[in-house]
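> Protein chains in written order, with this note's numbering: chain A, 514 to 743; chain B, 835 to 960.
Hints listed in this document are in silico derivations from the structure and should not be mistaken for laboratory results.
Mixed in with the good hints, there may be bad ones.
Stated by the list, open to error - Below, in silico cross-link-like pairs of lysine to any residue (SDA-like), each with a Cα-Cα straight-line distance of 20 Å or less:
#, chain 1, residue 1, chain 2, residue 2
1, A, Lys688, B, Glu909
2, A, Lys627, B, Gly902
3, A, Lys669, A, Glu715
4, A, Lys688, B, Ser884
5, A, Lys627, B, Glu920
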Amino acid sequence: MSEDTDALLDALERIAERFDEEQDYLTELDSRIGDADHGNNLARGMREVVEKRDEIADEPLDEAVKTVGMTIVSEVGGSAGPLYGGSLMTASQELEGGLDEASAVAFAEAYREKLTDRGGASPGDKTMVDAVKPAVDTFKRAVEEDDLPAVDALAKAVDAAERGVEYTVGLRAAKGRASYLGIRSVGHRDPGATSTYFALQELLATLEDRVGAADATDAYAADAAERGGE
Amino acid sequence: MVGLVVVSHSATAAAGIVEVAAEMAADVPLVAAGGEPDGGIGTDADTIASGIEEADEGDGVVVLVDLGSAVMNAELAVEMADATAELADAPVLEGAVNAAVHAAGPKATLESTVDAAEEARGMSKL
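Next up, chain B with everything else stripped away, as it sits in the complex (with noise of 0.2 Å):
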């Protein structure tokens, strides 16, 4: 199964997308990876690393992100892990959200979560 790491500044804040996210998918490996080690708010490369590879399975990762550095740190975080992930361009929760209920189906693969991510890209809500 395509597993989803869920980067944000705030390491609250990727808990609860997570949780937010697993309730639609139970069985989907999510792993939030937010903050700086330290608590503080940020992002941190080596973190996102770990949490690339704690949600692999062998099908690959896809990897939602916040703002600015998070992007940065994210992909370096993806040449560094041992495990194969892409990011999606996608807000995070929406992203996140999108990309949980179509890893649980039968034929999900890495591009087409991606995609599925990107989609919410165009979800309007009103």
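So that you can see chain A by itself, here it is in the shape it has in the complex (with noise of 0.2 Å):
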């Protein structure tokens, strides 16, 4: 098992169990402005995820993700399964030569641009875009212009989206089940872009304990060197 499968494996799982406690909260959620659905959903999608982790395991990063939209595509219904898994699904293509700061960018632009795309929705209208295009544009900007390493463009992406989801609260929804209610949308944090949120912060989550991890060796490694020394 290659090392960035490793991770995905470790975000899937963190991304599981978050949506599994987040579940009723995000039901909640899509009951006021929706069809009530979205938290049973999209858990019981990542557990399906996490069943297939040693298929996962064996495959190169674009093949195992492709999988994981493969997956949420089947057990996720409504619209969910074909943002979030097809998304995944074609975003899954620009990892091929595996993960780095470069890939990593391509691959949020493409799940952005897939996404838009096939929901049709644009920002503002209250969707999963509203947390979506920030979180990417600022990943973007922090790798590409302030050279940040991928951890701290995450972390800026994770605050993005935070700020993407608040701001649906006051929006009158344009796109979905929701843009029925109307008016009545407006005042609703809306559950997709909640979601999204929830799973940026524990990707960002399982990459701040690698670094940790990392970090924590090479000072074992620069301790022992320098005792070595003496």
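Assemble the dimeric complex from its two separately framed chains, guided by the hints.
Right under this line is the structure:
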């Protein structure tokens, strides 16, 4: 198993656990402006993804992410299945050469493009796009212009997603089931933007753990080298 | 012959629309792909993709959809299916009947069947 796939499995388990914990909350959000299935659907979908951990472990990163997407398409109903799963399936192609800052940016942009294309939503329509777009824009800028390491860039992206989620509260829905409610959709946090934010938080936590562990190893090695030199 | 797949959030609605359309065009391959696999209300890309493959006789398949996520799941199914298929931007029942009648004709192609389905958009009832 490659280190990337190992990290992916770690992230998937965290996301599955988080969706499980937040299942009732997400469903409650969805019951106000949708069809009250977002939490259950996502939690079930991610449980199925984790069930496939042995299959995923044997695959290179791009194939592994594609398997995750296909599983979500099959297991998660409603709009979340094609939006989350279909976007992952398409974006997975960007990881063919492995994971580095450049391919992570390409993956994020491909995900956003497929998501907006498939759902036809623009920023401000009170959908997942309101979390995804600021997160992807911020991540890209942090990597390409500010030269930040991936973990710091992702931390900024997570903050941007959180602000995006809060921004959905005041919006009137223009896409999806919530748009049938018109003005009554105002005052509620969008469930899809919220679950996107949760997933990004868990991705960040995975990366922080790994960077933390690597730093500790480096520190230990440096310490050992220093002691060795005495 | 061009085939048709009817996608609805309700399996019962999809089956009923197929029933209505089949009465006008008995020979046209018509497949209902409605509901979630567990029987719930919703749409499912895998179900639609297998519906497309089932309806395909080599001349392509027109997919008719109801609302919202049906469109997204159907688009995804068109990408996934091992057959040529196209979505029609049409009301699901009227479009299915129009397309079925047209597909039963000798000169029907995938494109002309999509057009026939989409002509139902302008249908005035009163």
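> Now, for every hint given, state plainly whether the structure supports it.
Right, here's what the structure says about each hint:
no.	hint	in the structure
1	A:Lys688 <-> B:Glu909	holds, 17 Å
2	A:Lys627 <-> B:Gly902	holds, 16 Å
3	A:Lys669 <-> A:Glu715	holds, 14 Å
4	A:Lys688 <-> B:Ser884	violated, 28 Å
5	A:Lys627 <-> B:Glu920	holds, 19 Å
This entry does not satisfy hint 4, going by the numbered hints stated previously; all others are met.
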